[in-house]
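The chain contents come next:
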Amino acid sequence: MGRLRVVSPGPLTTTQDQGRFGYSRYGVSISGAADTHALTIGNMLVGNPANAAAIEVTFGATEFEFLDESVFALTGADLAASFNGAPAPLNQTIAAIPSDRVSFQSPKTGFRAYLCLAGGVDVPPTLGSRSTYLAAGIGGHEGRALRTDDVLHTGLSDRPVHTGRRASPSLLPRYGADITVRVIAGPQSDRFSETGLKIFYSSAYTVTDKSDRQGVRLDGPIIEAVAGYDIVSDAVVTGAVQVPGDGKPIVLLADRQTTGGYPKIGVVATVDVPLLAQVTPGSVVRFHPISVEEAQDETRRAIAALAAAVFEEPELQVTEMLVDGVPYRLELALPQAPARHLRATALVNGVRRVVGAEVL
Amino acid sequence: MTTDSIIYPRVLPVGESALVIELADRIDLEVNQRIYDLAAAVEREGVPGVQELVPTYRSLLVRYDPLRAKFPDLARVLDELAQGAPSSRSAREQSRQTFEIPVVYGGEEGPDLATVAGHAGMTEDQVIAAHVGSIYRVYMLGFAPGFPYLGGLDPRIACPRLKTPRTRVPAGSVGIAENQTGVYPLSTPGGWQIIGRTPAPVFLPSREPPVAILPGSYVRFARISRGRALDIAEEVAQGSYSLPLRRR
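As given, the protein sequences belong to chains A and B, one line each in that order.
Counting in my numbering, the first sequence runs from 1 upward without gaps.
Counting in my numbering, the second sequence runs from 1 upward without gaps.
Note that these hints are calculated values from the structure, not bench results.
Keep in mind the model is a prediction, meaning the values are calculated, not measured.
Derived lysine-lysine pairs resembling BS3-like cross-links, with alpha carbons at most 30 Å apart:
no. : chain 1 : residue 1 : chain 2 : residue 2
1   : B       : Lys163    : A       : Lys248
2   : B       : Lys163    : A       : Lys210
3   : A       : Lys108    : A       : Lys248
4   : B       : Lys70     : A       : Lys198
5   : A       : Lys198    : A       : Lys248
6   : A       : Lys248    : A       : Lys210
7   : A       : Lys198    : A       : Lys210
8   : A       : Lys108    : A       : Lys210
Hey, can you work out the whole structure from these sequences and the hints?
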């Protein structure tokens, strides 16, 4: 169990897990990490269950201080993160000791980074999830975005992880400022003219600054509907592409409402939603049609790739010795710079305890 | 394509892990009841791969695990259920429930009551009488947690939205917008004409289910005094309050 203090919260920093499912019929949003894939990778790296809660950092200007020893990984966007002032490697485990600091400056690639801690962020679950549901003021840390001097606790980590454990680049999506996402025809695609559909699938749309965790609002050529832009409100899903009265598409993200009254021209394949969670205002989004079957195959492939993922483990030099009758284990891990790391573990009453860890 | 040429029920993909069954393209009590019957039937059948159901006005969203169910197979099973959709006891039982929402009308709690009365050419008391005189169908919950989409407003008290929405409407506010009426579960910006406020919370995140009003049921409003509202607020604080429930 460890503690982490918020030194600077940045524009929007929240606790998120994979989301709050099972309550849509009651109007409760899913919430959860905008980029669930990055959360999954981070949790796998630090030895957590996939649904453990992490900290979602938006844009940057954010800093944390470790108050206890911890193992963590930074995943998702490259927000020019640093660890004790030096560039911090992404998608790799790092060990921290008290007073270590991790900070995020501003986006280099992507928009949302995840600070995943071994043991997960331990906040009380609300309706089965640790995700922050900002609109309703529930979940996460006191139902709100993190503020300066908030202290978060981590849960127990029963799977000790070495520093320098790395995710293979093949597991990581290519975030970018010009992305193409695959789209399955939506339930109201017949509400659009042939020209409207052609425009949707052939145009470059620009991400506006009105985008947030609810949705990515796009600007670009107007998509023509045949019988107005209002439908009898029905349920929506994450990734749904709604076209409201101005004819400009909105792609729904984690904090979306559960129902909506705009026609859905398409639904972005779940495997491509993380790309949309990572676009910055001004980025370009294009839509490419695929079938349900193809999208299901993609999902199956992505899950199989995660299940088969083998992380690169650092080479460890291990020495075991007795000091005053107490067995000590000395680990010297020498993976890629700058995460060189030394850790001494004492076996006390049968429990391994890290007694000293240092980044060299 | 015009909507007239569509044959219902129809099943459409909503991405690769959800589908929707549409029974019609209109707001209609009988259609909505069939949606809840269908949801109950899907739950009863325990269809493999199905993870979550979201019933709305005239369609049912089914979220499923794409590793356990393929779209065409699941669509076929659900289409068959929709063709049959026998009325279930639980759905019928729910549709006989009427939740009573206590409301303090007018004054500070209902700053737009006078506007609605002016628009209707009625007195404030007549507006209140019309509002409490109807029984409303809870077609679905959405927009915000616990927000009921209600049907059955007396057309005489229908009223356009505010020209300029308020930046903050207190939780519990009861409003009218065109031919809709509803209760704001949370304190949010809003453009509805606010005619009153209920001390009873409609979103209860620490309860299971987390809402006071169930989708597919009915609602009526009851006029209460400020004094009674304070008593109810006290009961709410102590956790001993739940909405009065009547059977029809």
